[in-house]
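Generate the whole structure from the sequences, applying the supplied hints.
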Amino acid sequence: MADLGTIMTVIDLVNRAIAIYQRMEDLPTQMRQLNRRMKNLNVYLVRLEGFVRKKSASAYDNPFSGQKKELADILTSIKENVEKVYDLFERYEQGILSRSHDLRFRLKWASELWFSLVDKSPEKIQVIMEEIDNDRSILGDYMGFMNIQGVEVLVNDSQQAKAKHAKDEKEKAEQAKLLAEIHAALVEKKNGGQKKDDKVSPTNEKKKEKDKAEGKKDTQSAPAREAEQTKPKAEGAKKKVETPQLQVVEVKKARQTLRLSPSPSPTPPRKDYKVLFVDPHNIGRSVVAEGLMKLMRGLTQKANGDWRIQTIHSAGFFVWKKGLCADIIDNLDYSYKSFKMPLVDGGQAPNLIAMSALFDNKSYDFPFKKGITEKIMNRTSRGLKRDIFLEYDFIIVFTNREHDNMIKLKNAIKKNAEGKKITALRKGRVLHLGTYLNPDGPPKEILAPLKGKEDREIWNRKVAEIKTAIKQFLKQEMKWKQPDQKAIESSNNLHPGHPSK
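For the sequence shown, position 406 matches number 451 in my numbering, and the numbering has no gaps at all.
These are calculated hints, taken from the structure and not from any lab test.
Here a beta-carbon is modelled for each residue, glycine too, at the ideal position from N, C-alpha and C.
Please note that a few of the clues may not be correct.
What the hints assert, rightly or not - Restraint ranges, calculated between C-beta atoms of paired labels, are given here:
{"no.": "1", "residue 1": "Arg81", "residue 2": "Ala230", "range": "31 to 41 Å"}
{"no.": "2", "residue 1": "Val91", "residue 2": "Lys415", "range": "43 to 53 Å"}
{"no.": "3", "residue 1": "Tyr379", "residue 2": "Lys415", "range": "39 to 49 Å"}
{"no.": "4", "residue 1": "Asp118", "residue 2": "Thr356", "range": "24 to 34 Å"}
See below:
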C-alpha cells in the first residue's frame, strides 16, 4: 500500500530537485523539461499526502487489494525516476560550480557537461520523462477513484498562470526594446544633425575655389560674412538647447503611437475534448451514455450554450472487432478471476430495450434527435485501440471492476511501450462515472441489468441514473450549464419548425 512515509519521501525528493534547479541559470532544454515535470508531479503528490493525512483510517477503503498494490508500485516507479532526476541535477550543479565563471565558457561547457551526465544519450532522459508522464497519469486515475478531487484544476491553473507570466514578460521585453530603438534613433538623428551643420558644403567649397581661380572678389561685406559664419554656431547652440525637449516629446509621441497588445485575456476554454465510454461489450450502458451525451450536446448547442466536447464515442473492453489491444486484454493480470470475461467478436447491434428507453420518449424532442437516433441504432459494437490513452481526454467506465480492468490495461500498455509515450498531460484520464453520483463517498456502481431480467422499466431507471451522472460530470469537468428553458423557447421562435419540448 502507498503509505504516508513513501509519499512524503517522494515529495521531499521532488522538492530538493526543484530547489537545485532554481539555484542555477542557463540550463539545457532537457533540464527545463524535467523540472516542469517535477512541478506537475508535485501537485499530485501533495494532494495525495493531504488526503491520506486527513483520512488516515479510511484513505484506502475504495481500492481493491490489487489496486492498492498497483498504487504502491506506481509510487515506487515514480520514486525511482525522481531519484534519477535529483541525482542528475545534483551532479550538474556540482560540475557547474567547479568551473570557470566566464559566461561564454560556462554556457558551452554546461551543454557538454549535461551531454556527459546522460552518457552521451539524451534519449535516456526522454525515456525518463515519458515514464514520469505515464506514472503521473495512472496516479491521477487512482486519485480520482479515491475521490481526491481538484488535481487537474490545480495543474491547469498553474500552467495558465505560467503561460500568462511568460507572455507578460515577453511583451515587457518587446516594449523596452522598442523604446530603446526609438531613443537610439533620436540620439543618432541629433548627432547627425550637428555633424551636418559643422561640415562645409562641398559645393560651396568648389565654388569658392573656382571664383578664386577666376580672380573674382568676395563682394560680401565683412559684417555679412561674420554674421554668416556665426549663424551655424548659433543654430547649433539652439539645437543643443531644443534637442532634450524634442527628445522627450518624440518619445512621448512614440509611446502613444506604439501598438502595444492589450493585457492578455484569459486562455479560452478548450472546445476539442474527446470522451470514450467503455463497458464490457458495447451494446448497453456505454451506448446509452454515448447517445445521452450527444443529445445533451444537441440541446446545448440549440440554446447557444457553451459546449466543449468535440468527440463522443463508446467501445467494449472484451470485444475483438477493431480491438487492437485485445491480445493484451486477454493476458492481463486481473485482480480477480471473475473480472475477466470472454472476448466476443463484436459487430453487434445495440440492446433494443436499452435503445427504446433512451429514445422512445419526449425528452430532447427536437429535429436533432432523429439524426442521433439513426446513427446510434445503426452502429455496431467495437473494441479498444492501443492509443486510446493518447487520443481521448476522458475514458469513462461504470463499475469498480471496469475501472480496475482499465487501469490494468493502461499499466500493461505502459510496460510494453518501452519508454514511448502512451498518454499526455490531461489525456487518458480513467473515470468511474459513479463518482459523480456520490461525491463524498465511494463511487456508486452503475451495474448492467441482469440478463433475463431486462425490461423497459429497468432500463428506464438505468438511463435516468446514467443521465444524472453525465450531467454532474459535465458540470464538474466541463463547467457545463444546463440549457435555460427561455433560451430553448427563443430558439424555437427563430426556428418555428422545431417542436416544443
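Right, here's what the structure says about each hint:
| no. | hint | verdict |
| --- | --- | --- |
| 1 | Arg81 - Ala230: 31 to 41 Å | holds (40 Å) |
| 2 | Val91 - Lys415: 43 to 53 Å | holds (50 Å) |
| 3 | Tyr379 - Lys415: 39 to 49 Å | holds (42 Å) |
| 4 | Asp118 - Thr356: 24 to 34 Å | holds (32 Å) |
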